[in-house]
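Q: Starting from the structure of chain A, add chain B where the hints point.
Number of protein chains: 2
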Amino acid sequence: MNHLLISDPTLRDGSHAVQHQLTMDHILFYAEHAEHTGIPILEVGHGNGLGASSLQLGKSLVSDTELLVQCRARLTNTKLGIHVIPGFATINKDLNNALDIGVDVVRVASHCTEANITKRHIEYSRNREKEVFGVLMMSHMASPAVLVEEAKKMESYGAQAIIIMDSAGASLPVDVHEKITALVHHLDIPVGFHAHNNLGMAIANSITAVESGATILDGTSRGFGAGAGNAQLEVLVAVLHKMGYQTGIDLYRLLDFADQAESLFCTPPHISSVSVISGLTGVFSGFAKPVERIAKQYNIDPKDVFFELGKRKIIAGQEDLILDVAIWLSHHAK
Amino acid sequence: MNHLLISDPTLRDGSHAVQHQLTMDHILFYAEHAEHTGIPILEVGHGNGLGASSLQLGKSLVSDTELLVQCRARLTNTKLGIHVIPGFATINKDLNNALDIGVDVVRVASHCTEANITKRHIEYSRNREKEVFGVLMMSHMASPAVLVEEAKKMESYGAQAIIIMDSAGASLPVDVHEKITALVHHLDIPVGFHAHNNLGMAIANSITAVESGATILDGTSRGFGAGAGNAQLEVLVAVLHKMGYQTGIDLYRLLDFADQAESLFCTPPHISSVSVISGLTGVFSGFAKPVERIAKQYNIDPKDVFFELGKRKIIAGQEDLILDVAIWLSHHAK
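Sequence order for the protein chains is A and B. Just so we're aligned, residue 1 is where the first sequence starts under UniProt numbering, counting upward by one. Just so we're aligned, residue 1 is where the second sequence starts under UniProt numbering, counting upward by one.
Everything labelled a hint here was simulated from the structure, so no lab data went into it. Yeah, the Cβ is synthetic: ideal placement off N, Cα and C, and Gly gets one too. Careful, some of the hints might be misleading.
Covered stretches of chain A, as calculated for chain B (at least 3 residues, CB under 8 angstroms) [as the list claims (entries may be wrong)]:
#: 1; stretch: 93 to 104
#: 2; stretch: 198 to 206
#: 3; stretch: 252 to 262
DMTMM-like cross-link-like pairs, simulated, lysine to aspartate or glutamate; straight-line CA separation at most 20 angstroms [claimed, not checked]:
#: 4; chain 1: B; residue 1: Lys79; chain 2: B; residue 2: Glu114
#: 5; chain 1: A; residue 1: Lys152; chain 2: A; residue 2: Glu131
#: 6; chain 1: A; residue 1: Lys79; chain 2: A; residue 2: Glu131
#: 7; chain 1: A; residue 1: Lys289; chain 2: A; residue 2: Asp324
#: 8; chain 1: A; residue 1: Lys289; chain 2: B; residue 2: Glu262
#: 9; chain 1: A; residue 1: Lys242; chain 2: B; residue 2: Asp304
#: 10; chain 1: A; residue 1: Lys296; chain 2: B; residue 2: Asp259
#: 11; chain 1: A; residue 1: Lys242; chain 2: B; residue 2: Asp175
#: 12; chain 1: A; residue 1: Lys296; chain 2: B; residue 2: Asp304
The following block holds chain A by itself, in its conformation from the complex (with noise of 0.2 angstroms):
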């Protein structure tokens, strides 16, 4: 297959990148410019996802549903995304009011290995006649016979397509290419990947992902995201087309679009020494600023912080491991 369809989740893991605070005018105008440049799947929202904006993860600047309602009213072929982890976002109020407002794709996500708390969103959105994809998380946690059995429960639920993440940025090529071929050989539906740049391969992973049978990629404008950032989407569609692979976009226009959009919000992210780390640690880059924040405050080393949260295999939600960390290292470093 020679087509392969692109989401673009810059306006919801880009959201990281600014702690929530994208403006509904930076919003319009990439929602409006996404249209214009054939851009298939926009995802918006907090960056971890529906009804996550909260004291503890941040508030949002725009809520939901203004953002949901005014970027419904701006798409027409580009499809309105969204990012929903059961925990953060209920059933009754926040995916249902989303649903109302007429998103096309619900994309309901775990950690990958928590696949069964996500049975209740896929059947309801299913129920509600939306596209859902299943989304495992941190993926380089777990090998491909796990991201398999896990996947295969989503499909059972309904989903119609999976996405593995890579969110800490860890994987290189042949792990990438190992767990893509596991999922595609055992799965009946589409598979996908969402790459981060901490080790330098969002571009390459990509590519590895297509090349071993993944048909959905994302990719965000100049790779605006969490951490090191995503892959960059005017990049990874250049290169997709340079390959012979077709995605609907308009290149040209994208170029154009990503300079705009760079001037207003789109800051590039780079790979900072703390990004190395997170990836070579296999530790969520999303952790970067508390782990810099209490290591300073504890006079150690963050990268001697990151190493011991990839030993104790932290996930999301373990914030508080954070802080354990720093005061065990700070007792125990030399």
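A: For chain B alone, coordinates are given in the frame of chain A:
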């Protein structure tokens, strides 16, 4: 072979990023830290190499002689390297002077199909008992067979290693694999790779080069270099160590060093839309600035200029062609 030789051209390729205005303070900071971090080779000089400081290519703030004398005084275990393009660097004046000052590694470079211009410079440097590498630039413009032929010329002149440069960042891993494999198979000397990041492939291409048999890699702090930049050294070393290769570089020190270098002068490059087009069309990223300036002047899209320059296979030294193409496009474009 598990041990790789890393050469760091931050103070040479990075010179392009600041129009050759690196200050002596920054240079000395960098040289001292390179030594402390265990960088095997530090390559210094004007972006276009020894003797290239000129009104046309840009004057260096610090002269070759000052730079080499001061760096020489600070390096013990780290070897001092220079980039030498015959035509810019004369033997009698520039090369002789550099060798007198005590350069350790002389990298004699030509366009990938012009190896014969390197004969005298390679022979002269070998006669002076220096370590000499042959460098083929813009390697995406030649087939594996042609690269082998040109590399063999350099080997016959006395080159002790061959480096191919992906000067326009136009190569994908499949291209790098093919070319490095051919060179390793046909040469009796080590082979190396120098990446640019226009298509987001600098790290992936470098890793592919190593997996194909290359044993020498170039990388710069934060990727500091022409256009979209080089392989980011601290990312490269992290990935190589993760894969089980040895570099002799202290990764923790390197990460801290890169943070400090960034705060002083190694501004992380990003992949601009023009850089993407440069990579797609195979036109040297060093042309980006004149192309943008001239396109603006003639009110045409710089992307169109790049595509046309790519079709006409522009190479270094043919800067006049940019103006010709701009005039031609301004008359012929719709």
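Q: Each hint needs a verdict: does it hold in this structure or not?
A: These are the hints, each one checked on the structure:
Counting residues of the stretch 93 to 104 of chain A whose CB lies closer than 8 angstroms to any CB of chain B gives 0, so the stated coverage by that chain is violated, three being the minimum. Three residues within the 8 angstroms Cβ limit are the bar, and the stretch 198 to 206 of chain A against chain B gives 6, so the coverage statement holds. Check on the stretch 252 to 262 of chain A: 5 of its residues sit with their Cβ under 8 angstroms from a Cβ of chain B, so the three-residue criterion for coverage holds. Of the pairs offered as hints, the one joining lysine 79 (chain B) and glutamate 114 (chain B) is violated, with about 27 angstroms between alpha carbons and a cut-off of 20 angstroms exceeded.
Between lysine 152 (chain A) and glutamate 131 (chain A) the alpha-carbon distance is near 17 angstroms, which keeps this suggested pair within the 20 angstroms criterion. For the suggested pair lysine 79 (chain A) and glutamate 131 (chain A), the alpha carbons sit about 10 angstroms apart, so the restraint of at most 20 angstroms is met. Note on lysine 289 (chain A) and aspartate 324 (chain A): the hinted pairing holds, with a Cα-Cα distance of about 16 angstroms set against a maximum of 20 angstroms. Taking the CA atoms of lysine 289 (chain A) and glutamate 262 (chain B), the gap is about 18 angstroms. The hint holds against a cut of 20 angstroms.
Under the criterion of a C-alpha separation no larger than 20 angstroms, the hint pairing lysine 242 (chain A) with aspartate 304 (chain B) is consistent with the structure, at around 16 angstroms. Distance check on the hinted pair: lysine 296 (chain A) and aspartate 259 (chain B) sit about 15 angstroms apart at the alpha-carbon level, within 20 angstroms; holds. The suggested pairing of lysine 242 (chain A) with aspartate 175 (chain B) holds, with an alpha-carbon distance near 13 angstroms, which does not exceed 20 angstroms. Using a Cα cut-off of 20 angstroms, the hinted pair lysine 296 (chain A) and aspartate 304 (chain B) is violated, with the two alpha carbons roughly 49 angstroms apart.
The structure fails to meet hints 1, 4, 12 from the earlier list, while all remaining hints are met.
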